[in-house]
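Which chain is which? The protein sequence lines are H and B, in order.
Here full-length UniProt numbering is used: position 311 in the first sequence is 311, and no number is missing along the way.
Here full-length UniProt numbering is used: position 365 in the second sequence is 365, and no number is missing along the way.
Read the hints as simulated data drawn from the structure, not as lab findings.
Since this is a predicted model, take the numbers as computed values, not measurements.
Misleading hints may appear alongside valid ones.
[Claimed, not checked] Sample of chain H residues facing chain B (criterion: CB under 10 Å; computed from the structure):
#1 T7
#2 N23
#3 A49
#4 Y131
#5 G193
#6 I215
Positions of the beta carbon are idealized from the N, C-alpha and C atoms, including for glycine.
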Amino acid sequence: MFGLIKTWKALEARGIMGINRRNADYVLKYNKRHLYPIVDDKIITKERALAAGIHVPEMYGIIETEKQIEKLDEIIGGRSDFVIKPAQGAGGDGILVIADRFEDRYRTVSGKIISHEEIEHQISSILTGLYSLGGHRDRALIEYRVTPDQIFKSISYEGVPDIRIIVLMGYPVMAMLRLPTRQSGGKANLHQGAIGVGVDLATGLTLRGTWLNKIISKHPDTTNAVDGVQLPNWDGFMKLAASCYELCGLGYIGVDMVLDQDKGPLILELNARPGLNIQIANDCGLTQRTHAIEAHLEMLAKEGRSEDAEQRVKVSQGLFGHVHPQ
Amino acid sequence: MRSLTLHLKVLITVLVVLGIAITAYQIFALGIPVTEDETDDLWNIDAKVEFVASAKDPVKVQMFVPPLNRDYVSLNESFISNNYGVSVNRADGNRKVTWSARRASGNQTLYYRLVLTKRYSTEKAKIKGPTFRDSLAVEGPEKIAAEALMAPIRQHSADVETFVSETIKRVNNANDDNAKLLLAGDNSPLKKAQVIDLLLSIAHVPLEKVHTIRLVADTPQSPELWLRSFNGNDWLYFNPETGEQGLPSDRLLWWTGDDNLITVDGGKKATVTFSMNNSEMNAIRLAKLTDENTDADFLEYSLYGLPLQTQQTFMIMVMIPIGVLVILVLRNLIGIQTLGTFTPVLIALAFRETQLGFGIILFTVITALGLSLRSYLEHLKLQMLPRLSVVLTFVVVLIAAISLFSHKLGLERGLSVALFPMVILTMTIERLSITWEERGGGHAMKVAVGTLFAASIAHLLMTVPEAVYFVFTFPAVLLILVGFMLAMGRYRGYRLTELVRFKAFLKKADA
């Protein structure tokens with residue numbers, strides 16, 4: 001009992017945010033319910049992003065009804081690699097990544113050979129709402145398959161590493177690089193076993209990582225160091241993330257981005273309830289940072305001005321950047 | 001944000017204060033018992049009247065019955081008599097029943113039955129009584145003896161109370177010649193009462209004879225004589241033989257005055273035998289019963305005013321918020337993961353039918369079998385609705401099979417399953433299997449165990465009889481619960497499991 005109180009006090013002192021605080025002080029306060037569909041439906045997110053001139057993976061087509069599944073071939077055209085996603089899927093479930101095709105067979109990114117019928121069944125499952133939040137009918141999205149930048153080759157196992165930046169009212173607060181592992185099956189979700197690596201907001205240099213709630217500094221599959229890696233085009237990522245506030249209007253979001261070999265930083269999806277493991281990855285609590293942003297916003301409100309995405313990135317980098325590894 | 005916090009605080013305060021105030025009012029002002037265990041004695045008194053009727057004359061039997069105007073309240077009163085007309089009338093604070101018949105012969109038996117209990121409300125009626133009376137006429141040696149007795153009594157007393165008890169003591173003193181003379185060799189309580197009455201009348205102290213019945217189960221008895229005097233505020237009761245003051249709490253006043261208990265016209269050999277027994281009854285039910293006979297209508301607007309069937313449903317319903325509260329605490333304070341938000345509460349309700357241990361086994365078995373069916377169906381690549389329907393049907397068949405099987409084995413418990421909500425089970429299976437696929441078997445197990453654990457705790461708390469009684473009797477408690485839930489709505493501290501989850505931070509800090 002005494003130990004627990006001590007742990008509590010220590011976590012509080014370090015500004016570690018718990019789920020209750022995240023929900024009460026940030027998600028409920030800054031995220032208006034009626035805006036959720038924008039982030040919950042990847043198709044809407046994509047349309048909004050395109051309208052705002054923000055880079056997203058190219059969309060090949062949408063399948064809305066069972067009848068339209070016939071049009072799959074037409075949508076794919078001559079492409080040999082693509083991704084099928086549920087529009088309202090959660091946590092990366094129901095995503096099918098096709099890396100190659102030959103005649104009637106497809107090869108997924110993990111090397112499994114599947115038939116056309118199996119793809120059609122997968123789409124049918126997506127449409128019935130198997131992967132959607134709350135089991136509603138859903139739409140299937142067929143889009144460009146991201147080829148990760150070579151920089152990640154040494155610290156990633158299969159799949160596509162992505163970058164998650166938590167953005168409060170348009171100000172990036174904390175960033176993390178998520179690396180798939182053998183255990184996560186090529187997926188970049190931490191609760192499925194992916195590694196989260198903290199990223200310095202100012203420089204884009206990686207810090208140490210978290211894997212299954214433990215702090216690590218080497219990738220468990222490749223044994224390469226995950227810290228000290230310079231992410232290319234970091235300011236581009238930061239600006240992209242910061243501009244997502246205007247895109248969706250939600251005040252507290254997690255922006256998931258990828259670095260494509262050819263197309264550079266792309267927005268994958270937005271999350272209205274970003275997880276808390278990013279704190280372990282950065283070895284830093286969120287509360288102090290969010291409080292700093294809230295104080296900054298209060299000051300701006302007093303002065304009666306607002307800042308654009310570029311200025312916000314500067315503010316965040318000034319406040320939270322240049323972390324020295326302990 | 002701040003105004004919202006203030007708003008919330010005010011709301012919570014109002015709700016909690018309201019809840020406490022209503023409950024306190026019910027407990028302290030209305031005197032509703034706090035636990036179900038509080039029972040009151042319920043007395044069942046039978047007075048059996050026997051006499052021999054003479055064939056020629058019409059029969060008229062008059063008997064005193066308790067006036068019931070002070071500490072007791074009657075729940076039921078009946079006069080059992082074939083062919084007799086019955087009427088009850090009040091006179092001088094007494095109640096008298098009159099049985100009458102034009103023609104009767106031979107041995108006659110009449111019954112008077114009274115079910116009574118102590119009066120529920122503490123309110124006291126205003127009591128009136130005489131404080132002065134004229135002296136009884138007394139002549140000759142008696143007069144001298146009486147006056148001789150009076151002198152020391154006056155000397156040894158200060159007020160009505162001490163005067164009466166001193167008088168009783170003197171009359172009961174067997175060595176006192178004056179007392180002996182007045183009693184004239186008759187040592188019966190009735191004679192003593194007469195002498196005491198005479199002496200007190202000389203001092204103008206009013207006195208009444210009171211005939212009481214002792215509320216003792218299964219002992220035959222006859223009315224016991226007590227004396228009472230009015231001191232201006234209250235009646236003072238005295239035992240004519242011992243001078244003992246104060247009527248014991250188990251005495252029931254049957255009638256007052258000098259008349260006999262029973263008078264029979266047109267009959268002879270009248271006897272009255274009393275028999276009584278007592279039973280205990282839940283205080284609140286008793287209050288409900290007495291409610292109809294008294295002016296205490298505080299239960300009128302409580303849940304006890306509902307029909308019994310509905311009451312039983314409500315007894316379950318009022319406990320659901322308690323179950324929900326358990327889930328709230330387990331999820332938001334402890335951080336246990338459960339399937340869905342209120343699924344555990346529904347499972348807890350299902351446990352009512354099956355009992356806890358059996359319910360857990362049943363739940364586990366059906367869910368495990370359902371999961372294996374679900375994983376088989378996965379290969380068939382079915383759409384969601386048809387698949388769910390198949391699983392539901394399978395669950396129904398499974399429950400039927402278990403019922404049949406346990407019935408054949410002689411386990412009646414198995415039959416209770418029939419009401420185990422199948423839809424809940426089906427949804428549990430479906431969700432669990434999706435969780436299994438998405439998050440892996442370990443996580444699914446964790447969630448399943450968490451759900452069962454939460455359901456068990458909720459079930460145990462929801463079925464504590466004292467708690468059920470308390471919430472059902474004092475529904476305002478739910479307002480306090482709502483206050484707590486509202487407060488939880490803005491709780492932003494850590495969950496217990498987060499302390500473990502974020503331990504990595506501290507290990508680093510120590511190193």
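Now for the hints, and whether the structure bears them out:
1. T7: Where the cut-off is 10 Å and the nearest Cβ of chain B is about 5 Å from T7(H), the hint holds.
2. N23: Cβ of N23(H) sits 8 Å from chain B, so the hint holds.
3. A49: With a minimum Cβ separation of about 26 Å from chain B (threshold 10 Å), the hint on A49(H) is violated.
4. Y131: holds, 8 Å
5. G193: G193(H) check passes; min Cβ-Cβ to chain B is 9 Å, inside 10 Å.
6. I215: This hint holds: I215(H) lies near chain B, its Cβ roughly 5 Å from the closest one there, short of 10 Å.
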